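Visitor: Using the sequences and the hints, build the whole thing.
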Amino acid sequence: MDTMTINKILAGILISLLLVKGSAMLAEGRFHVEAPETPAYAVALPEAETADAAAPEEQGPSLAMLLADASVDKGQRAFAKCAACHSYDKGGANKIGPNLYAVVGASIAHVDGFSYSDALQNHEGDWTYERLDAWLLDPKSTIPGNKMAFAGVRKETERADLIAFLRMQADNPEPLPSPEAASAQDVPAEEPAQE
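Residue 53 is where the sequence shown starts when you use this note's numbering, and the numbers rise one by one after that.
Note that these hints are calculated values from the structure, not bench results.
Any given hint could turn out to be false.
[Claimed, not checked] Dumping the calculated EDC-like pairs for lysine to aspartate or glutamate here, alpha-carbon to alpha-carbon at most 16 Å:
no. : residue 1 : residue 2
1   : K207      : D190
2   : K192      : D170
3   : K142      : D170
4   : K126      : E210
5   : K133      : E210
6   : K207      : D185
7   : K133      : D190
8   : K126      : D178
9   : K199      : D170
10  : K142      : D223
11  : K207      : D121
12  : K147      : D164
13  : K207      : E182
[To be verified] So the derived label-pair ranges between C-beta atoms look like this:
no. : residue 1 : residue 2 : range
14  : S193      : F83       : 51 to 59 Å
15  : V124      : G177      : 23 to 31 Å
16  : P196      : K73       : 53 to 61 Å
17  : G143      : N174      : 26 to 34 Å
18  : P196      : V163      : 16 to 24 Å
19  : A94       : K73       : 36 to 44 Å
20  : S193      : A135      : 17 to 25 Å
21  : A87       : A136      : 14 to 22 Å
22  : E232      : E99       : 37 to 45 Å
23  : V163      : D190      : 17 to 25 Å
24  : L66       : V95       : 45 to 53 Å
25  : G165      : E99       : 56 to 64 Å
Every value quoted in this text rests on a predicted model; they were computed, and no experiment measured them.
Positions of the beta carbon are idealized from the N, C-alpha and C atoms, including for glycine.
Guide: Spelled out as structure tokens, the structure:
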């Protein structure tokens with residue numbers, strides 16, 4: 053290509069850009085519309101509800117009731133999310149996370165030879181059903197500072213299935229909490245009738 057052809061192409065592009073920009077400026081100047089100071093009509097919006105005025109959330113079934121209905125088979129399928137980092141076989145090796153054999157009812161940071169975070173090493177207590185449920189929902193907020201990189205399991209039935217599966221991975225599985233006792237705790241005591 054010679055320089056004359058290149059100059060013609062560049063001139064064509066430049067003129068096109070000037071025409072587009074110039075047309076936009078002319079249209080804005082000719083048809084410019086000012087926004088009115090007050091709207092032509094007012095739209096009444098409902099007041100936002102405050103947290104105090106909001107209706108209380110319905111509580112779902114208790115963890116004991118969920119565990120009573122939990123499926124070990126579904127829990128084993130749900131464990132597929134965990135299998136990349138954990139094993140559950142008796143005497144199984146630690147992976148990125150510790151072996152989870154007999155974890156239900158065991159003390160926190162109980163697996164010998166696994167390098168737990170300081171947060172877990174310094175956290176006292178056992179892996180109760182309630183603590184496991186909270187951990188599986190959101191590990192980062194249950195015990196802040198731990199190293200587990202897992203977003204959590206949102207569905208409560210899936211967590212119950214997973215806990216039921218982990219419960220069975222033990223020589224002597226922990227007894228399930230009684231659904232009757234849990235439902236009795238949820239029901240407020242009735243006041244005696246006044247005559």
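Visitor: Against each hint, give a clear statement of whether it holds in the structure.
Guide: How the hints compare with the structure:
1. Taken as a hint, the K207 and D190 pair is honoured in the structure, with Cα atoms around 12 Å apart against an allowance of 16 Å.
2. Using a Cα cut-off of 16 Å, the hinted pair K192 and D170 holds, with the two alpha carbons roughly 13 Å apart.
3. For the hint linking K142 to D170, the alpha-carbon distance of about 26 Å lies beyond 16 Å, and the restraint is violated.
4. Pair hint K126 plus E210 holds up; C-alpha atoms about 8 Å apart against a cutoff of 16 Å.
5. In summary, the hint linking K133 to E210 is supported, as the alpha carbons are separated by about 11 Å, within the 16 Å threshold.
6. Restraint check: the Cα-Cα separation between K207 and D185 comes to about 11 Å, which is no more than 16 Å; the hinted pair holds.
7. Taken as a hint, the K133 and D190 pair is honoured in the structure, with Cα atoms around 14 Å apart against an allowance of 16 Å.
8. Annotation: proposed proximity of K126 to D178 is violated, straight-line Cα distance about 25 Å (limit 16 Å).
9. Annotation: proposed proximity of K199 to D170 holds, straight-line Cα distance about 9 Å (limit 16 Å).
10. About 9 Å separates the Cα atoms of K142 and D223, which keeps this hinted pair within 16 Å; it holds.
11. Between the alpha carbons of K207 and D121 the distance comes to roughly 14 Å, so the proposed pair stays at or under 16 Å and holds.
12. At most 16 Å may separate the alpha-carbon atoms for a hinted pair to count; K147 and D164 meet this at roughly 13 Å.
13. Distance restraint check for K207 and E182: the Cα-Cα separation of roughly 15 Å lies within the 16 Å cut-off, and the hinted pair is therefore satisfied.
14. Under the hint 51 to 59 Å, the C-beta atoms of S193 and F83, about 55 Å apart, fit the expected range.
15. For V124 and G177, the Cβ-Cβ distance of about 25 Å falls inside the hinted range of 23 to 31 Å, so the restraint holds.
16. For the pair P196 and K73, the beta carbons lie near 55 Å from each other, so the given range of 53 to 61 Å is met.
17. For the pair G143 and N174, the beta carbons lie near 27 Å from each other, so the given range of 26 to 34 Å is met.
18. Here the CB-CB span from P196 to V163 is close to 21 Å, well matched to the stated 16 to 24 Å.
19. With their beta carbons about 39 Å apart, A94 and K73 fall inside the hinted range of 36 to 44 Å.
20. In this structure, S193 and A135 meet the distance hint of 17 to 25 Å, their C-beta atoms being roughly 24 Å apart.
21. Hint check: A87 to A136, Cβ distance near 56 Å, so the stated range 14 to 22 Å is violated.
22. Between E232 and E99 the Cβ separation comes to about 43 Å, which falls inside the hinted range of 37 to 45 Å.
23. Checking the proposed 17 to 25 Å range against V163 and D190 shows it holds: the Cβ atoms sit about 22 Å from each other.
24. One distance hint, 45 to 53 Å for the beta-carbon pair L66 and V95, holds here, with the actual separation near 47 Å.
25. A beta carbon spacing of about 59 Å between G165 and E99 agrees with the range 56 to 64 Å that was offered as a hint.
Comparing the model with each earlier hint shows violations of hints 3, 8, 21; every other hint is respected.
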